[in-house]
Amino acid sequence: MNIAFWIISAVTVLGALLAVTLRNLVHCVLALILFFIGIAAHYFLLRADFLGAVQILIYVGAVAVLILFAIMLTHNVTGTEGPREVLGVKWWSGSAIAAVLAILLKKAIQGDALSAILPAGAKAHSSAAEIGKALVAGWVVPLEAIAILLTAALIGAVVIALEEIRKSR
Amino acid sequence: MSIPLGHYLILAAILFAVGLAGALTRKNAIIVLMGIEVMFNSAILNLVAFWHYKHFAVPTAQLFAIFAIAIAAAESAIGLALVIAVYRHYQSVDVDKMKELKG
Amino acid sequence: MEKIYQLLHALLPSVPVWTVWIAAFLIPIGFIFGVYLTIFAFTTLVERKALGRIQNRYGPNRVGPFGILQPMADGLKILLKEDIVPRAADKFSHFLAPVLIVVPGLLVYLVVPVAPGMVAVDLKIGVLFALAVGTVSVIALFMAGWASRNKFSLLGAMRAVAQVVSYEVPTVMAGVAVIMAAGTLSTLTIVERQGGGILNISNWYVFRPWGLVGFVLFVIGGLAESARCPFDLPEAESELIGGYHTEYSGFKFALFQMGEYLAGMAMAGVTVTLFLGGYMGPGSGPGLVGGLISMFWFFGKLTGMIALNIWIRGTWPRLRVDQLMGFAWKVLLPLALVNIVAVGLWHFLTPRPVAWVVTTGWLAIWVVVLTKCNAGAALEKREYRYI
Amino acid sequence: MDQHLQDLARQQWLIPAIPLVAAAIQSLLPRGARKLSAGICITGMGLACVLALRAFVATLGHPEAVRAVCNFTWFEFGTTALQLGFILDPLTAAMAAMVTFVGFWIFVNATGYMHEDENYTRFFCFLSLFAAAMLGLVVSNNILLLFMCWELVGLCSYLLIGFWYHKPSAAAACKKAFITTRIGDVGFFLGILMLFWQTKTLNLFNAGTGALEQADKLAQLPGWFGWSVATTIAVLLFIGAMGKSAQFPLHVWLPDAMEGPTPVSALIHAATMVAAGVFMVGRMFPLFIAGGSVEHPTFAIDMVLYVGAFTALFSATIAVAQFDIKRVLAYSTCSQLGFMVMALGAGGLVPGQFHLLTHAFFKALLFLGSGCVIIGTHHEQDMRKMGGLKKYMPITFWCYLAGMLALAGVPPFAGFFSKDEVLLVTFQRSKLAWGMATFAAFLTAFYMTRQMFMVFAGKWRGGDDHGHHAEAHGHGGHEPHEVPWNMWLPIAVLSLFAIGLGFYGGKYAQYLGAEEEELAGKTLVMGLSVAVGTLGILLGWVLYGRKTLVHASDPDPLEAKLGVLFTCLNRKWYVDEFYEATIIRATMATGTVFRVIDKRVVDGILHSIVWVVRGISHVCRLVGDEFFINGGFDTGCQTVRGSGWLMSKLQSGRIQTYFRILGLGTIILLVVYFLKS
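Protein chains in written order, with this note's numbering: chain Z, 1 to 169; chain Y, 1 to 103; chain X, 1 to 387; chain V, 1 to 677.
Certain hints may be false.
[Stated by the list, open to error] Some residues of chain V that are not near chain Z, with every Cβ distance over 12 Å (derived):
(1) Ala17
(2) Gly223
(3) Glu479
(4) Trp485
(5) Leu543
(6) Leu606
(7) Ser643
(8) Gly663
(9) Val671
(10) Tyr673
[Said to hold, decoys possible] With a cut-off of at most 30 Å between alpha-carbon atoms, the simulated DSBU-like pairs for lysine-lysine come out as follows:
(11) X/Lys49 to X/Lys91
(12) V/Lys35 to X/Lys330
(13) X/Lys151 to Y/Lys27
(14) V/Lys35 to X/Lys372
Since the hints were made in silico from the structure, they are not lab data.
Note that the Cβ used here is the ideal one computed from N, Cα and C, for glycine as well.
Given the sequences, and given the hints that come with them, work out the whole structure.
The following block contains the structure:
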């Protein structure tokens, strides 16, 4: 499965890079979808099947669509942006911070004993059924909290987005 | 040879940095949000990697990942709603122009 | 897939392992391509002929006996057509969209079992996989509409996206009912749970109160997700020319058609798997004969579902946009949620007759309530002058 | 049987809980669900009424006074457990039955009165909450719970008086009601704190350890101003009751509370708000009388007596000169509350509570009747513009007449008996208070007669505004009309009680556990009472009945006789103006004084210190440290300014800058991590 890891990783990183660098907003979103699918593939690779399906269902099916709708609603139908602001202070400082952070994190990870751990090779499979049981047994309060959070977010998003419409009426 | 945990962690770190770079360098609020989504996902990837390598028997990490995904979804919904509201107000989604709170 | 691999490995021990691997990959893929694309091709014919009959005309009857070779002629014609890309179009997305739209449709077949043990991959999360992959088509639709730089295309795409996202929710919820009853996400297991009983028929989930409701929800949701009549607003010819595929021609257009039909058939396949007992029927079972009978039943049911789709297309008028959205959120979604409660009741109530009565009553009450709540203002009685 | 009572006491909480739940449901209803909302409200009250009557009947069966309590621990802090509880005794049972019964009919009437209001749902939600709060107050066996419900009653009165908050007068009135009662509540709260401090319990009755059961012990302990603790607490509690029950000088809010819808006025005046104060005094009565005797009454009880007597007379005089139909009734409520309080002050728990009950019935009747009149005359409240309504609204007239006769104390109506007992018990204690009360009774009869004649007799004067002009155009729609059944039925039912309830006075005394005693001067008091009542009515007839007003602009006959005094009465003895001129002015003046003190004295001290320091520094500079101090100080200032400027630059308002700093911070943390490891 080594090759799979490298290919998927390459796709994922490429998707992420394109998502934050492309000029066209819609292309950015498409790249982001590539990234999401790459992450989902990683989950499948890590035998978290359920999570992979959830990742596709939620991120590709919902979040990406949401972002697309947001782009369309901000009257930027073609998705193009102004001229590239490369070489600006912002660009350099941001990239530098990110790069330094990546290098430092890499150092930290490589310097740690954790990094050398290999998979236990256990055949045990944490299936969707187990997750479901855990969700309604020990984790029911967080589950409900998340439910409330999502409801609140739903209502909040509607209210925020509707506010000015109501005003203009 | 199998992939060690470190590879996943480094992958997640790289993705995190890419997302951070996007959030820091781009002017468009929607892309900033996208960068944040990338960071979120890399963090969740870390969780799942640790689960796979260290705590395979219990699904707790997966539960945590599911909760994180749900919260990220809520966050993106609210964030995009805010972007739309801001757009209505400023006729722009340029984060550099949102500086009402300047000191 | 692993089974095929093992089988081949046992049969051909001398062949290098990697070829066996590749063969094990290719056989199911070839099967899916061969069978479903053939079905697709003839579905187009059957649809045209059936619509013709419904509309009191003959339909295609020139190519071959009874027009049976019409699909070949269509394919040939469409291959020979010029492929036009608008100058302003976003070339990359414009090219990618038709390719991408076929993929989810095909991927769903991976988890649809056609006979005992005969499924391309027996995923532990089969149902979820099918539903998740189905959502990806949204992206392809959007790409197609957006890349065309045509306002009709974009409007069609936005309609399609809104429609698919909205109908996704009740469809998944209807699927959840089956998952709860079966206690598994694996499609193969779900089908096996529906076996037994009288003639392998009486245990189909559609013969349960919640299953019937779920079936109806799922069929409606499937129709809407594959943008078929009466939910074909994204490509409503009278309003949007061709919707998101206005700017496509030649083989790309054919791919769109294919994607749509494949998605519709995939939904039909999932419906059959979840509610109509999959390959279960009198005589189906393991072994060669049982397997063949199973395949007969599965494809028979699939054909039946396709026929139902065609029938609906021929007889139902198109919905308005507001009706479409209102229907998804105000009728289907509440009903799906109620249905989940019904499964819970079904699961915990004993003995069976009690469960039957209570579940049916519960669902009936809500159906009535939802109908009442969503009943629009009664139309005024009109008087026509020229009767 | 005892067990039965215990069970009932355990179920007492249901009585307030049902209206509370009803209020909760109504708060969630959409605005359009008018019928449903009213239905829930009335059903809830009806159920509560059934429960209250059940409890009442159960206590009725006992020959001697019974008391069942049900306490439970609310929460514990340290070793002290805070208990709450419910009680079932005759006082509570009768009160709860009255509140639910009268409340029920008021709610029914409100469906008619509020018919045209668009905030119907909100109104009934508040009504339910109001009833729930009052019932909670009645059934609580705990002064803390009582206080909570007390405050809730205050809140509801605020909400309901200000129901038409778009009217500035209503907004002002609800604030006034809230703040005025709040002044009293400070006293109440201090009383509660003192009670808890002294007895370590807030339960009223708890098998010998309750606060009230320790009243005699408290009477031995020294409190403030040379009073005993019991008296101190009683005085403080009575201040609270003065606010709630509108006793002079905290009565000012009650007449203004007329700004609310009329059913609210009925509820406030009859069943809930003002009754709360009297009920509370009755409930805490052991504290008031503890340590005193008939010969040597405690200060608390004296205070209660004279405040009550003065309020009775004072408000009655004001009521004489009002023109607003509801205002007359409002001042009469004040006056009647004075009677009740006075009876309590005279040591007559039974007459006080009995008068509370009868008064609740006939005052609710009168208010609802005035509501009917207001609706029937198309929202006219000025009595000068009414007249002749007997012809148009016969049912309302007869019911109103019953209520008026009851209030005026004409035998055999309810008010006569209860008022007679009040006067009798007062006669035993204080001839002065008795005299004041008798005069107040005379005035009561007079002003009610005046009202009756102004409203119902003569001919309709409502058209005067519009003059001949409107009539010429045939605007017949302004004629008064009879109200629908849901408005007149409640007053009809209540009028039965206004007529008949008085005969049960003796039974009620027995029921509360009072011994029969032959009081001196019974004949004299009763005779005088009847005499002044008749005199008042006669005088009213002489002034208003013989020759009724013809036009709305005609002067009041009494005004001609009394002159300046009438104006004075009409302006309510200028109490509001007095408060405006004294208390409010004084508060503002105090504020000004303190500001001046702050400016001159405190600042002066500071300034002088500054001057001294400056002088010292001056000296230092002169001796040659100019460079050091000056330079150092300037540099310091510059640094502060510069860093402030820098800091404000950090606050760029740009989210990405913050984000970048966040990233930098993470990097720094990582570097620190590396350096440490």
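Results for each hint:
{"no.": "1", "hint": "Ala17", "verdict": "holds (27 Å)"}
{"no.": "2", "hint": "Gly223", "verdict": "holds (51 Å)"}
{"no.": "3", "hint": "Glu479", "verdict": "holds (43 Å)"}
{"no.": "4", "hint": "Trp485", "verdict": "holds (43 Å)"}
{"no.": "5", "hint": "Leu543", "verdict": "holds (60 Å)"}
{"no.": "6", "hint": "Leu606", "verdict": "holds (48 Å)"}
{"no.": "7", "hint": "Ser643", "verdict": "holds (22 Å)"}
{"no.": "8", "hint": "Gly663", "verdict": "violated (4 Å)"}
{"no.": "9", "hint": "Val671", "verdict": "violated (7 Å)"}
{"no.": "10", "hint": "Tyr673", "verdict": "violated (7 Å)"}
{"no.": "11", "hint": "X/Lys49 to X/Lys91", "verdict": "violated (36 Å)"}
{"no.": "12", "hint": "V/Lys35 to X/Lys330", "verdict": "holds (26 Å)"}
{"no.": "13", "hint": "X/Lys151 to Y/Lys27", "verdict": "holds (27 Å)"}
{"no.": "14", "hint": "V/Lys35 to X/Lys372", "verdict": "holds (20 Å)"}
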